[in-house]
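Asks: Residues per chain, in single letters:
There are 2 protein chains.
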Amino acid sequence: MNKVVNLEEKFKLFKDLWSPKRIGKLNGQQILLAKIKGEFVFHKHDDEDELFLVMKGQLELVLEDRAVILNKGEFFIVPKGVLHKPIAKEETHLLLFEPLSTKHTGDVLADITVETYEEI
Amino acid sequence: MNKVVNLEEKFKLFKDLWSPKRIGKLNGQQILLAKIKGEFVFHKHDDEDELFLVMKGQLELVLEDRAVILNKGEFFIVPKGVLHKPIAKEETHLLLFEPLSTKHTGDVLADITVETYEEI
Numbered sequence: 000m001n002k003v004v005n006l007e008e009k010f011k012l013f014k015d016l017w018s019p020k021r022i023g024k025l026n027g028q029q030i031l032l033a034k035i036k037g038e039f040v041f042h043k044h045d046d047e048d049e050l051f052l053v054m055k056g057q058l059e060l061v062l063e064d065r066a067v068i069l070n071k072g073e074f075f076i077v078p079k080g081v082l083h084k085p086i087a088k089e090e091t092h093l094l095l096f097e098p099l100s101t102k103h104t105g106d107v108l109a110d111i112t113v114e115t116y117e118e119i
Numbered sequence: 000m001n002k003v004v005n006l007e008e009k010f011k012l013f014k015d016l017w018s019p020k021r022i023g024k025l026n027g028q029q030i031l032l033a034k035i036k037g038e039f040v041f042h043k044h045d046d047e048d049e050l051f052l053v054m055k056g057q058l059e060l061v062l063e064d065r066a067v068i069l070n071k072g073e074f075f076i077v078p079k080g081v082l083h084k085p086i087a088k089e090e091t092h093l094l095l096f097e098p099l100s101t102k103h104t105g106d107v108l109a110d111i112t113v114e115t116y117e118e119i
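As they're listed, the protein sequences go chains A and B. In this text, residue positions in the first sequence follow numbering that gives the first Met the number 0: the first is 0, and each later residue adds one. In this text, residue positions in the second sequence follow numbering that gives the first Met the number 0: the first is 0, and each later residue adds one.
Be aware that a few hints might be false.
Just so you know, same-sequence chains aren't split out, so a pair can sit in one copy or run between any two.
Listed below are the simulated EDC-like cross-link pairs for lysine to aspartate or glutamate, each with C-alpha atoms no more than 20 Å apart in a straight line [said to hold, decoys possible]:
| id | residue 1 | residue 2 |
| --- | --- | --- |
| 1 | Lys-79 | Asp-15 |
| 2 | Lys-2 | Asp-64 |
| 3 | Lys-55 | Asp-45 |
| 4 | Lys-2 | Glu-73 |
| 5 | Lys-55 | Glu-8 |
| 6 | Lys-2 | Glu-47 |
Keep in mind the hints are simulated off the structure, nothing from the lab.
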């Protein structure tokens, strides 16, 4: 049976960057936590919308025609098919909502691609 | 095109209790905000898991065989088919993640049932 999940406690369980951890599953979707710093690769998800919620720090999402800045307590939904590149100048903590099938590097296979997310 | 959503700003846009507001849609799912105080009705969702994340206050979820307490920054996923009854002693603010098809009173049609969620 499911348990109460404390977001702050879960963030304490890992330090590695750009390596999302799964903290919940529902309706074919997953909830991930990630710590990021620096620049990620430009990528897209052909069939999946992806929500980024900033829990700490600041996230810049570079899109095809613009960029958006997200601070703590703000989220943005990147629609399926839209190229995006996350950037964080300082260490930033994210909560992600997306389908279970989503790969974090989308259509790009990079050295940093994590094939299977660890559950924490 | 989607916009950056600030959760705190969205909570300022409504005061009514037990009336979820939609603040985002993705992958057939929706993100709702709700303000609650008091006791809701016991209900279940036969086909939908439902996530409750506490943004302010404290939520008690009475389940079939136990109850769980959620404080700020904690979430719980009520699996499909499981009877649950939300209770909040003080005004409590929630973020909900669930399928677009979900009715907040589930299988129970009550006076407080909202048929269509307002988008804010």
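Asks: If the cut is 20 Å between Cα atoms, do Lys-2 and Glu-47 qualify within a copy, between copies, both or neither?
Replies: between (27 Å within a copy, 17 Å between copies)
Asks: Measure nothing new, just compare the shortest in-copy and cross-copy C-alpha distances for Lys-2 and Glu-73 to 20 Å and report within, between, both or neither.
Replies: This pair counts as between: shortest inter-copy Cα distance 10 Å, intra-copy 26 Å.
Asks: Can you give me the call for Lys-2 and Asp-64, within, between, both or neither, at a CA distance of at most 20 Å?
Replies: between (41 Å within a copy, 14 Å between copies)
Asks: At most 20 Å between C-alpha atoms: does Lys-79 with Asp-15 qualify within a copy, between copies, both, or neither?
Replies: So Lys-79 and Asp-15 fail the 20 Å test inside a copy (27 Å) and across (33 Å) alike.
Asks: Using 20 Å as the alpha carbon limit, work out where Lys-55 and Asp-45 are close: within a copy, between copies, both or neither.
Replies: For Lys-55 and Asp-45, neither the intra-copy (28 Å) nor the inter-copy (36 Å) Cα distance is at most 20 Å.
Asks: Please work out whether the CA atoms of Lys-55 and Glu-8 approach to 20 Å or closer within one copy, between two copies, in both situations, or in neither?
Replies: Both ways: Lys-55 and Glu-8 sit 14 Å apart in one copy and 17 Å across, limit 20 Å.
Violation of the numbered hints given earlier is confined to hints 1 and 3; the remaining hints are satisfied by the structure.
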